[in-house]
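Given next are the chains, with one letter for each unit.
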Amino acid sequence: MTPVPILTERDQAAVRKEFERISGKVKLVAFSQELTAADRCRQNEQLVREVAALSAQITVEVLNLAIDRERAEAYGIDQVPAIVVEGARDYGLRFYGVPLGYEFSNLIDSIIVASTGVPALSEDTLASLRALASDVDIKVFSTPT
Amino acid sequence: MRLAQHMSVASDRVRSTVIEATEFPELSRAYQVMGVPKVVINDRVRFEGAVPERDFLGAVLQAVETS
Numbered sequence: 001m002t003p004v005p006i007l008t009e010r011d012q013a014a015v016r017k018e019f020e021r022i023s024g025k026v027k028l029v030a031f032s033q034e035l036t037a038a039d040r041c042r043q044n045e046q047l048v049r050e051v052a053a054l055s056a057q058i059t060v061e062v063l064n065l066a067i068d069r070e071r072a073e074a075y076g077i078d079q080v081p082a083i084v085v086e087g088a089r090d091y092g093l094r095f096y097g098v099p100l101g102y103e104f105s106n107l108i109d110s111i112i113v114a115s116t117g118v119p120a121l122s123e124d125t126l127a128s129l130r131a132l133a134s135d136v137d138i139k140v141f142s143t144p145t
Numbered sequence: 001m002r003l004a005q006h007m008s009v010a011s012d013r014v015r016s017t018v019i020e021a022t023e024f025p026e027l028s029r030a031y032q033v034m035g036v037p038k039v040v041i042n043d044r045v046r047f048e049g050a051v052p053e054r055d056f057l058g059a060v061l062q063a064v065e066t067s
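These protein sequence lines are chains A and B, in that order. Position 102 (the first sequence) corresponds to 102 in my numbering; numbering is contiguous. Position 15 (the second sequence) corresponds to 15 in my numbering; numbering is contiguous.
Just so you know, the hints here were simulated from the structure itself, not pulled from any lab data. For clarity, every value in this text was computed on a predicted model and none was experimentally measured. Be careful, since some hints might not be right.
Within a straight-line C-alpha distance of at most 20 Å, the following computed DMTMM-like cross-link-like pairs (lysine to aspartate or glutamate) qualify [to be verified]: (1) A:LYS27 - B:ASP55; (2) A:LYS17 - A:GLU61; (3) A:LYS27 - A:GLU45; (4) A:LYS27 - A:GLU61; (5) A:LYS25 - B:ASP43; (6) A:LYS17 - A:GLU73.
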């Protein structure tokens with residue numbers, strides 16, 4: 001049975017327009033684990049596939065947190081559902097939970113910036129980030145609405 | 001909060017994780033998330049609400065200094 005689409009035709013048109021700014025390949029890696037959060041993992045996989053269908057530059061890989069442990073560890077993923085957004089390399093872009101609502105636009109923006117590798121930040125900020133001598137882990141808690 | 005994602009792309013040192021607070025109540029409790037967006041940097045520097053780029057960078061640098 002084909003699931004009901006998450007993205008409306010209007011959503012798809014808006015995302016296609018945004019995706020005109022994509023300038024390189026992007027891989028979306030979705031992590032699932034049926035026993036933990038089956039419904040949300042399925043919804044997450046479906047969302048990732050629907051988004052990927054809107055650009056020829058986007059590919060999808062679905063991994064299982066329990067089975068693909070080494071890959072999960074390498075990505076630093078320990079929760080499901082999760083999405084890793086990879087561009088020319090792994091920039092460290094992660095999403096925990098199904099990114100709907102406000103976070104959906106964040107996912108789309110992450111895909112675009114991962115494809116270009118060009119962040120929209122000031123020169124001062126870029127210089128400070130280039131000078132970082134230790135790792136920085138940023139968690140952003142958000143809500144679907 | 002897109003600054004975090006753009007900072008990740010700008011530096012290999014920076015990783016950003018967007019967490020749907022309602023889907024991960026245990027994580028949200030652990031980090032005392034009362035309002036969103038809530039940003040937690042290196043588990044030390046925390047703030048709520050959207051902030052300008054300069055302030056966000058200041059929080060990142062503060063987190064690194066106190067690490």
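Here is what the structure says about each hint:
The suggested pairing of LYS27 of chain A with ASP55 of chain B is violated, with an alpha-carbon distance near 31 Å, which exceeds 20 Å. Between LYS17 of chain A and GLU61 of chain A, the direct Cα distance comes to roughly 24 Å. Violation of the 20 Å bound is thereby established for this hinted pair. Pair hint LYS27 of chain A plus GLU45 of chain A holds up; C-alpha atoms about 13 Å apart against a cutoff of 20 Å. At most 20 Å may separate the alpha-carbon atoms for a hinted pair to count; LYS27 of chain A and GLU61 of chain A meet this at roughly 7 Å.
Between LYS25 of chain A and ASP43 of chain B, the direct Cα distance comes to roughly 32 Å. Violation of the 20 Å bound is thereby established for this hinted pair. With a C-alpha separation of about 35 Å, the suggested pairing of LYS17 of chain A with GLU73 of chain A is violated against the 20 Å cut-off.
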